[in-house]
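Peer 1: The whole structure should be built from the sequences, with the hints applied where relevant.
2 protein chains.
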Amino acid sequence: MEKKLSTESYKGVRDFYPEDFAVLEYIFTSWRKTLKGFGYEEYNASVLEPAELYRAKSGEEIVNEQTYTFTDRGDREVTLRPEMTPTVARMVAARRRELPLPIRWFSIPNVFRYEKPQRGRLREHFQLNVDLFGVDSIEADFEMILIASNIMKNLGVDEEKYEIKLNSRSLMDFMMQTVLGLSPEITHKLGKLIDRKNKVTRADFESEAELLCGNKSTAFLKFIDAPDLTTFQKALGTSHESFDHLESLIRRADDVGIENVVFDQTLMRGFDYYTGLVFEVFDKHPDNRRALFGGGRYDDLLSLFGGDKIPAIGFGMGDVTTRDVLETYGLLPKTLSVADVALCPLSFDFIPYAQHLAIKLRAEGARVSIDITGKRLGDQIKNADKKGIPFVLPIGEDEVKNKVFKIKHLSTGKEVEVTEDSLIETLTTKEK
Amino acid sequence: MEKKLSTESYKGVRDFYPEDFAVLEYIFTSWRKTLKGFGYEEYNASVLEPAELYRAKSGEEIVNEQTYTFTDRGDREVTLRPEMTPTVARMVAARRRELPLPIRWFSIPNVFRYEKPQRGRLREHFQLNVDLFGVDSIEADFEMILIASNIMKNLGVDEEKYEIKLNSRSLMDFMMQTVLGLSPEITHKLGKLIDRKNKVTRADFESEAELLCGNKSTAFLKFIDAPDLTTFQKALGTSHESFDHLESLIRRADDVGIENVVFDQTLMRGFDYYTGLVFEVFDKHPDNRRALFGGGRYDDLLSLFGGDKIPAIGFGMGDVTTRDVLETYGLLPKTLSVADVALCPLSFDFIPYAQHLAIKLRAEGARVSIDITGKRLGDQIKNADKKGIPFVLPIGEDEVKNKVFKIKHLSTGKEVEVTEDSLIETLTTKEK
Numbered sequence: 000m001e002k003k004l005s006t007e008s009y010k011g012v013r014d015f016y017p018e019d020f021a022v023l024e025y026i027f028t029s030w031r032k033t034l035k036g037f038g039y040e041e042y043n044a045s046v047l048e049p050a051e052l053y054r055a056k057s058g059e060e061i062v063n064e065q066t067y068t069f070t071d072r073g074d075r076e077v078t079l080r081p082e083m084t085p086t087v088a089r090m091v092a093a094r095r096r097e098l099p100l101p102i103r104w105f106s107i108p109n110v111f112r113y114e115k116p117q118r119g120r121l122r123e124h125f126q127l128n129v130d131l132f133g134v135d136s137i138e139a140d141f142e143m144i145l146i147a148s149n150i151m152k153n154l155g156v157d158e159e160k161y162e163i164k165l166n167s168r169s170l171m172d173f174m175m176q177t178v179l180g181l182s183p184e185i186t187h188k189l190g191k192l193i194d195r196k197n198k199v200t201r202a203d204f205e206s207e208a209e210l211l212c213g214n215k216s217t218a219f220l221k222f223i224d225a226p227d228l229t230t231f232q233k234a235l236g237t238s239h240e241s242f243d244h245l246e247s248l249i250r251r252a253d254d255v256g257i258e259n260v261v262f263d264q265t266l267m268r269g270f271d272y273y274t275g276l277v278f279e280v281f282d283k284h285p286d287n288r289r290a291l292f293g294g295g296r297y298d299d300l301l302s303l304f305g306g307d308k309i310p311a312i313g314f315g316m317g318d319v320t321t322r323d324v325l326e327t328y329g330l331l332p333k334t335l336s337v338a339d340v341a342l343c344p345l346s347f348d349f350i351p352y353a354q355h356l357a358i359k360l361r362a363e364g365a366r367v368s369i370d371i372t373g374k375r376l377g378d379q380i381k382n383a384d385k386k387g388i389p390f391v392l393p394i395g396e397d398e399v400k401n402k403v404f405k406i407k408h409l410s411t412g413k414e415v416e417v418t419e420d421s422l423i424e425t426l427t428t429k430e431k
Numbered sequence: 000m001e002k003k004l005s006t007e008s009y010k011g012v013r014d015f016y017p018e019d020f021a022v023l024e025y026i027f028t029s030w031r032k033t034l035k036g037f038g039y040e041e042y043n044a045s046v047l048e049p050a051e052l053y054r055a056k057s058g059e060e061i062v063n064e065q066t067y068t069f070t071d072r073g074d075r076e077v078t079l080r081p082e083m084t085p086t087v088a089r090m091v092a093a094r095r096r097e098l099p100l101p102i103r104w105f106s107i108p109n110v111f112r113y114e115k116p117q118r119g120r121l122r123e124h125f126q127l128n129v130d131l132f133g134v135d136s137i138e139a140d141f142e143m144i145l146i147a148s149n150i151m152k153n154l155g156v157d158e159e160k161y162e163i164k165l166n167s168r169s170l171m172d173f174m175m176q177t178v179l180g181l182s183p184e185i186t187h188k189l190g191k192l193i194d195r196k197n198k199v200t201r202a203d204f205e206s207e208a209e210l211l212c213g214n215k216s217t218a219f220l221k222f223i224d225a226p227d228l229t230t231f232q233k234a235l236g237t238s239h240e241s242f243d244h245l246e247s248l249i250r251r252a253d254d255v256g257i258e259n260v261v262f263d264q265t266l267m268r269g270f271d272y273y274t275g276l277v278f279e280v281f282d283k284h285p286d287n288r289r290a291l292f293g294g295g296r297y298d299d300l301l302s303l304f305g306g307d308k309i310p311a312i313g314f315g316m317g318d319v320t321t322r323d324v325l326e327t328y329g330l331l332p333k334t335l336s337v338a339d340v341a342l343c344p345l346s347f348d349f350i351p352y353a354q355h356l357a358i359k360l361r362a363e364g365a366r367v368s369i370d371i372t373g374k375r376l377g378d379q380i381k382n383a384d385k386k387g388i389p390f391v392l393p394i395g396e397d398e399v400k401n402k403v404f405k406i407k408h409l410s411t412g413k414e415v416e417v418t419e420d421s422l423i424e425t426l427t428t429k430e431k
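Note that the protein sequences, when read in sequence, are chains H and F. Note that numbering that gives the first Met the number 0 numbers the first sequence so that position 371 is 370, with each residue one more than the last. Note that numbering that gives the first Met the number 0 numbers the second sequence so that position 385 is 384, with each residue one more than the last.
There's no promise every hint is true.
Listed below are the simulated DSSO-like cross-link pairs for lysine-lysine, each with C-alpha atoms no more than 30 Å apart in a straight line [unchecked claim]:
id: 1; chain 1: H; residue 1: K152; chain 2: H; residue 2: K359
id: 2; chain 1: H; residue 1: K400; chain 2: F; residue 2: K35
id: 3; chain 1: H; residue 1: K32; chain 2: F; residue 2: K32
id: 4; chain 1: H; residue 1: K359; chain 2: F; residue 2: K160
Computed footprint of chain F on chain H, listed as stretches where at least three residues anywhere in the stretch have a Cβ under 8 Å from a Cβ of chain F [what the hints assert, rightly or not]:
id: 5; segment: 133 to 139
id: 6; segment: 393 to 407
Pair ranges (Cβ atoms, derived) [said to hold, decoys possible]:
id: 7; chain 1: H; residue 1: F347; chain 2: F; residue 2: E97; range: 35 to 41 Å
id: 8; chain 1: H; residue 1: N214; chain 2: F; residue 2: F347; range: 25 to 31 Å
id: 9; chain 1: F; residue 1: E51; chain 2: H; residue 2: D298; range: 46 to 52 Å
id: 10; chain 1: F; residue 1: Q65; chain 2: H; residue 2: G387; range: 39 to 45 Å
id: 11; chain 1: F; residue 1: I61; chain 2: H; residue 2: E424; range: 52 to 58 Å
The hints are simulated quantities; they were obtained by calculation from the structure and are not laboratory data. Here a beta-carbon is modelled for each residue, glycine too, at the ideal position from N, C-alpha and C.
Peer 2: Printed below as a string of structure tokens:
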């Protein structure tokens, strides 16, 4: 008990002091409002999952090196979830017979990864997860684009500030395997190279492409460099159902006034489990061009649990990136005050009356903080001001006797005389 | 990839399917409303904490045997937080110079314990934590009682259904050490015995008391059996400041209409760190008398981090117990519907129009689900009904051309003709 304890948190994770929690809450509230607008239901699960849930899809190495995995005293291997998709797939598979399709679900879990902490890449963050199960048509794909766009709108980000990039995994497979005649193994490696395109130099990209495709690399580079969907299709010189699909999505978005949806054949998204459409919301800010969030179709994942396939599409969006965007564009609201009014008793004797009054006000929905420090009125008012509380109400002998109060609006200095009854009105109608 | 994956969650934790998440959300919303009413600010932290945070207070054994503790690859010992008090103490201590006192904070963290899963005792649960730092007077103690009572009121539990029990750790120490002349070691053991009083037979309690107190056990039992505060004080035969303190709390609660606050000298609460008032909300249900939640004053805990003492009082309340109480007394609301209206396109051709209409309705705050399954209208309506969506709106050729719709209220079967403009009004004013 004598050693002085450190006040530091565990490495790479965050403490959410009230001002930081308020930002998190603001983001979560905006996400929830958007998803509820589309009729999505919220779910969640424990952060603890059996390690085998990730080994099946990600392989031994990733589980051992990039996740928090440990053995419990019952010899079970447990992982702190690194992403939510395996969990939601597990939950849907567990009740596939009872849950009516389609399933529209969202969640805001915290997820963990074991890596060196660096800017924007913490060991724990929160992530909005949106998934639609049971519909394999373009309608589900389009709904994801509508939701992604609406999320940005509800966060206050102008459509000109970002793009929604689309691509199709099956189109990319078609290009590499059918048109270029490459093997599935080379296709997989080439896909990883495309995913890294903006992180390597052009020279490195070209030489790695040549290593993988040999004499097909000229054609490959021509496909990759095509500036738009039409040029890409022409370069490919053959048709594929994805062209119609992607064109329809862009046109239909345009029809409802969403004009920032574009095709990008270099968009891959990391996960191996994507099977069709992949998409990404991309920040065009000149100093910080980057992916904000994205996802795609994963029609095969649920068959890992046995039973029939269930088509699925979804995406994830992190709280750290979201806060970054809101800060970059000045979209964070001013901190909300912790209470509507501070009751300031002139001595301890008047606290019981203050509590009686507070009970009445709270019953009407007001947020009431009572100063119980016994400090002088001036200090009580200073403290209320520091906490951003808009009104103070001194309580002394006269007030208790006559039930008439002087309520003071701190930012304007204006004082108004009120009764118990008119007080609640003043608190709810005045600007705060 | 070929082995069939299990759909089971990790042992002793819960999946929150939407119907379960809705209950959690209902409880959290009620808790938040109450605490915001008292001017409390919400905070949080990571579930990962350095293991030493718990070793200092709880000892090696508890950390090793009752918590999830593991070593990360940087050789740091990490614990999944078993309770929130050490975390909040750490956070307050870290910013003691910047944070203006008093600090009124609450949080709804998930906490973990490593033990055999059993009814109501899961390995992970959520816990409301309420703490007030910087005030050592009766005013802070009374505020806790007011909050505890208001939490129960906002959850809809009648005051007759439960009691708020009070005791004082310093009064108990006074009784055992000063009045009975027992050593601090025996006092500590006797305190643990009192804590177990209702879990052992009377005979066992008496014989264990005799083992610990010897010839003082008759006096000890007389003190323990005193039926109320006055009798207890008389039995003790000497005065102590706690008597006034406890009497004041009970009288002041009574003054504001809270009539279920009682003294109970057998109330100890588990944690060693309590220093003054301890209290507990106790369910009087004849089939299930038990503690629902509680807490106490812990004025010494922050000095573990060095620097001056900061007086503190707080309590915690779990989600599992809370759900139990709401179920026992039939206080859970009916499940809320996932959307206000289901738009039902008669074929895929009418989905784009439905999306256009949905965008308008969502902009007005409505929750709109579009059926994109391509099923027959009858099946679409059945599905909406299954999901508890109150209204359906079929969309076909006539509707798209004339912009006049028949909206149907499923539970009454009533159909009303509406335009795009009158639709939003119908959705928000009709009973749902």
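Peer 1: Tell me if the straight-line CA distance from H:K32 to F:K32 falls inside 30 Å.
Peer 2: Since the Cα atoms of H:K32 and F:K32 sit roughly 18 Å apart, the hinted pair holds (cutoff 30 Å).
Peer 1: Can the restraint linking H:K152 and H:K359 be considered satisfied, given a maximum Cα separation of 30 Å?
Peer 2: Outside the cut-off at roughly 39 Å; violated.
Peer 1: CB of H:F347 to CB of F:E97, is that within 35 to 41 Å?
Peer 2: 27 Å, violated
Peer 1: Is it true that the C-beta distance of F:Q65 to H:G387 lies inside 39 to 45 Å, as the hint says?
Peer 2: Check passed, 41 Å falls within 39 to 45 Å.
Peer 1: Taking the CB of H:N214 and the CB of F:F347, does the distance hold inside 25 to 31 Å?
Peer 2: Roughly 44 Å apart at Cβ, these two residues miss the hinted range, so it is violated.
Peer 1: Between the segment 133 to 139 of chain H and chain F, are there enough contacts, at least three residues with CB-CB distance under 8 Å, for the coverage claim to hold?
Peer 2: holds (count 5)
Peer 1: Run the distance test for H:K359 versus F:K160: straight-line Cα separation, threshold 30 Å.
Peer 2: Given pair H:K359, F:K160 holds - Cα atoms ~23 Å apart, limit 30 Å.
Peer 1: At the C-beta level, are F:E51 and H:D298 separated by a distance inside 46 to 52 Å?
Peer 2: Check passed, 47 Å falls within 46 to 52 Å.
Peer 1: Three residues or more, CB to CB closer than 8 Å: is that satisfied between the segment 393 to 407 of chain H and chain F?
Peer 2: The restraint on the segment 393 to 407 of chain H is violated, since only 0 of its residues have a Cβ under 8 Å from chain F and three are required.
Peer 1: Does 52 to 58 Å hold as the CB distance between F:I61 and H:E424, or does it fail?
Peer 2: Check passed, 53 Å falls within 52 to 58 Å.
Peer 1: Would you check the hint for H:K400 and F:K35, treating anything up to 30 Å between C-alpha atoms as holding?
Peer 2: 29 Å, holds
Hint violations for this structure: numbers 1, 6, 7, 8, all remaining hints satisfied.
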